[in-house]
Every structure is written in C-alpha cells, then in structure tokens.
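Participant: Residue strings, one per chain:
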Amino acid sequence: GEQVEQRPPHLSVREGDSAVIICTYTDPNSYYFFWYKQEPGAGLQLLMKVFSSTEINEGQGFTVLLNKKDKQLSLNLTAAHPGDSAVYFCAAGNNYAQGLTFGLGTRVSVFP
Amino acid sequence: ETAVFQTPNYHVTQVGNEVSFNCKQTLGHDTMYWYKQDSKKLLKIMFSYNNKQLIVNETVPRRFSPQSSDKAHLNLRIKSVEPEDSAVYLCASSLQGAGNTLYFGEGSRLIVV
Chain A
11 GEQVEQRPPH
21 LSVREGDSAV
31 IICTYTDPNS
41 YYFFWYKQEP
51 GAGLQLLMKV
61 FSSTEINEGQ
71 GFTVLLNKKD
81 KQLSLNLTAA
91 HPGDSAVYFC
101 AAGNNYAQGL
111 TFGLGTRVSV
121 FP
Chain B
133 ETAVFQTPNY
143 HVTQVGNEVS
153 FNCKQTLGHD
163 TMYWYKQDSK
173 KLLKIMFSYN
183 NKQLIVNETV
193 PRRFSPQSSD
203 KAHLNLRIKS
213 VEPEDSAVYL
223 CASSLQGAGN
233 TLYFGEGSRL
243 IVV
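The listed protein sequences derive, respectively, from chains A and B. According to this note's numbering, the residues represented by the first sequence are 11 to 122, in order. According to this note's numbering, the residues represented by the second sequence are 133 to 245, in order.
So that you can see chain A by itself, here it is in the shape it has in the complex:
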C-alpha cells in the first residue's frame, strides 16, 4: 500500500522567513493530496487540496508544489508568523473508501 515519508520532523523558523516541508509518496496511483495543519489539542484543519492535474497551488501565506515525476509534494510557508506554529501533515489518496495515508507530520515552531 501507499507509504508517505515526510521531512523534516521538526522545523524552527524565524518570523518572516520561509520554510519548506517535503513529502515523498510511493504509490503512483495516488492522485490527490492534502495538507493539513494541527494546532495543539485540536483536530486537523485543511490547508490545501491538490490533484495530480495541478502542479502549483497558492494559499494564504503558502505555496504547494506537486512533482509527479519524483512523487513529491512540498509545502512552502512564506513569511512565517507565530500563527503558523503547528504540526503539518501531508496525505495521499487514490480511493476514498481507503481513506488517506498520512505522513508523520512536521512540527513547525516560529520564533521572533
């Protein structure tokens, strides 16, 4: 089945700087992907949904890139601010009934 490797596990970022989280998946049949954000004591909040037909998605304060050839998905936090401190998860899917396969998460800490 699908496996998703996510790195780095921890990221310490100065406020205003950018940061990148990379996920590598194994199943070439996976064709939709998600980035979720989890704040302490909370559930998972959707950041972005990515389909294999799109390569670049931009959200508020971040950019998501999909490299199908290398089976990589990345999240680029631009101009990090304290509200970005959280755990970020990537997830891959190809069959809704099977749910999503998640990476292990990246804990991001933004310091002044």
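I should point out that these hints are in silico values taken from the structure, not numbers from a laboratory. Just so it is clear, CB atoms sit at the ideal spot from N, CA and C, and this is done for glycine as well. Treat the hints with care, as some may be off.
[Unchecked claim] Partial chain A-side listing against chain B, Cβ under 8 Å, derived: (1) 53; (2) 54; (3) 97; (4) 99; (5) 105; (6) 109; (7) 114; (8) 121.
[What the hints assert, rightly or not] Computed cross-link-like contacts, BS3-like style, restricted to lysine-lysine with a CA-CA straight-line distance of at most 25 Å: (9) A:79 x A:59; (10) B:156 x B:168; (11) A:47 x B:211; (12) B:168 x B:203; (13) B:156 x A:47; (14) A:47 x B:172; (15) A:59 x B:176; (16) A:59 x B:211; (17) B:211 x B:173; (18) B:172 x B:203; (19) B:156 x B:173; (20) B:176 x A:81; (21) B:156 x B:211; (22) A:47 x B:168; (23) B:173 x A:81; (24) B:176 x A:47; (25) B:203 x B:176; (26) A:78 x A:59; (27) B:173 x A:59; (28) B:211 x B:176; (29) B:203 x B:156; (30) B:156 x A:59.
Starting from the known structure of chain A, arrange chain B on it as the hints suggest.
Facilitator: For chain B alone, coordinates are given in the frame of chain A:
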C-alpha cells in the same frame, strides 16, 4: 467552523474497561472515518463507513468496533481497553468519491491506566 463533533474530548479509564467515543457530522456527508493518532502523532485509519456499510477495516484489534445509527453518526466502541489503546482518536467525514476532502473533529484523547 467545527462541523464534526466528538465526545468526550478526554477520557481516563482502567485496563479492561469498556469505552465509547461518539462522533456526529453536520455536513451532510455520507462517509465517516475513525483514525488513531498515537503519541508520535502517527495517523492511521481504523474504519470507514458508507451508507451503513463498513468499507475499510485495517489490522485493528477485534475489541474495537464502529457503530452507526445513520450516516451522520459513527461511534467507536472499545470493549476491553489495553494500555496501547492510549491515543487520540480522530473522527472524520467526507462525501463519497475520490478526492473529496476529509473534515476532522477535534479528537478524543484516551488514557488507559
């Protein structure tokens, strides 16, 4: 805005007891899921339910069972808890079909002593 509601948020119990977690979604979705998040934040799917039919049952111990009264509710019952069941259990829902977003509840933390 929360639309997947889980209760209780937190539960402490002793080994061997029975525990139930409730989940309700108000999104009109037809598929619901339970995920287990361990102490290392690893998320693994346990069950998914669609139209009252169990779709996925991963290598989950038989003491775990999902219970659904309608498509808006999916509860999780643990018959006789063990220490390794200590975790956060996350409920999610989505519309049927590939690529639809999963919306998560805030989780139910179980501590087994």
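Participant: Does each hint fit the structure? Answer for all of them.
Facilitator: To see whether the hints hold, each was checked on the structure:
Contact between residue 53 (chain A) and chain B, as hinted, is supported at the beta carbon level, the nearest pair being about 4 Å apart and thus within 8 Å. Interface restraint check for residue 54 (chain A): the shortest CB-CB distance to chain B comes to about 4 Å, inside 8 Å, so the restraint holds. The closest approach between the C-beta of residue 97 (chain A) and any C-beta of chain B is roughly 6 Å, which is under the 8 Å cut-off, so the hint is satisfied. Nearest Cβ of chain B to the Cβ of residue 99 (chain A): about 7 Å, under the 8 Å cut. The hint holds.
A least Cβ separation of about 6 Å between residue 105 (chain A) and chain B falls short of the 8 Å threshold, and the interface hint therefore holds. Checking residue 109 (chain A) against chain B by beta carbon gives a least distance of about 4 Å; that is within 8 Å, so the hint holds. The interface hint given for residue 114 (chain A) holds, since its Cβ lies 6 Å from the closest Cβ of chain B, which is under the 8 Å cut-off. Checking residue 121 (chain A) against chain B: minimum C-beta separation of about 21 Å lies over 8 Å; hint violated.
Restraint check for residue 79 (chain A) and residue 59 (chain A): the C-alpha separation of about 19 Å stays at or below 25 Å, so the hint holds. At roughly 17 Å between alpha-carbon atoms, residue 156 (chain B) and residue 168 (chain B) fall within 25 Å of each other, so this suggested pair holds. Proximity of residue 47 (chain A) to residue 211 (chain B) is assessed by CA-CA distance (about 32 Å); at most 25 Å being required, the pair is judged violated. A threshold of 25 Å between alpha carbons decides the hint, and for residue 168 (chain B) with residue 203 (chain B) the separation of about 21 Å falls inside it, so the pair holds.
At roughly 21 Å between alpha-carbon atoms, residue 156 (chain B) and residue 47 (chain A) fall within 25 Å of each other, so this suggested pair holds. Distance check on the hinted pair: residue 47 (chain A) and residue 172 (chain B) sit about 16 Å apart at the alpha-carbon level, within 25 Å; holds. A distance of roughly 19 Å separates the Cα atoms of residue 59 (chain A) and residue 176 (chain B); the hinted pair therefore holds under the 25 Å criterion. In summary, the hint linking residue 59 (chain A) to residue 211 (chain B) is not supported, as the alpha carbons are separated by about 36 Å, beyond the 25 Å threshold.
Of the supplied pair hints, the one linking residue 211 (chain B) and residue 173 (chain B) holds, its CA atoms being roughly 24 Å apart against a limit of 25 Å. Taking the CA atoms of residue 172 (chain B) and residue 203 (chain B), the gap is about 31 Å. The hint is violated against a cut of 25 Å. A hinted pair counts as satisfied when its Cα atoms are at most 25 Å apart, and residue 156 (chain B) with residue 173 (chain B) qualifies at roughly 23 Å. For a cut-off of 25 Å, the pair hint linking residue 176 (chain B) to residue 81 (chain A) stands: about 21 Å separates their Cα positions.
Restraint check for residue 156 (chain B) and residue 211 (chain B): satisfied, since their Cα atoms lie roughly 21 Å apart, inside the 25 Å limit. The hinted pair formed by residue 47 (chain A) and residue 168 (chain B) meets the criterion: a straight-line CA distance of about 16 Å does not exceed 25 Å. A hinted pair counts as satisfied when its Cα atoms are at most 25 Å apart, and residue 173 (chain B) with residue 81 (chain A) qualifies at roughly 23 Å. Between the alpha carbons of residue 176 (chain B) and residue 47 (chain A) the distance comes to roughly 16 Å, so the proposed pair stays at or under 25 Å and holds.
Taking the CA atoms of residue 203 (chain B) and residue 176 (chain B), the gap is about 22 Å. The hint holds against a cut of 25 Å. For the given pair, residue 78 (chain A) sits about 15 Å from residue 59 (chain A) by alpha-carbon distance, which is consistent with the 25 Å threshold. A C-alpha spacing of about 21 Å is found between residue 173 (chain B) and residue 59 (chain A), which places the hinted pair at or below 25 Å, so the restraint holds. For the given pair, residue 211 (chain B) sits about 20 Å from residue 176 (chain B) by alpha-carbon distance, which is consistent with the 25 Å threshold.
A C-alpha spacing of about 9 Å is found between residue 203 (chain B) and residue 156 (chain B), which places the hinted pair at or below 25 Å, so the restraint holds. As the CA atoms of residue 156 (chain B) and residue 59 (chain A) are separated by approximately 23 Å, the hinted pair is consistent with the 25 Å bound.
Hints 8, 11, 16, 18, counting from the list given before, are not met by this structure.
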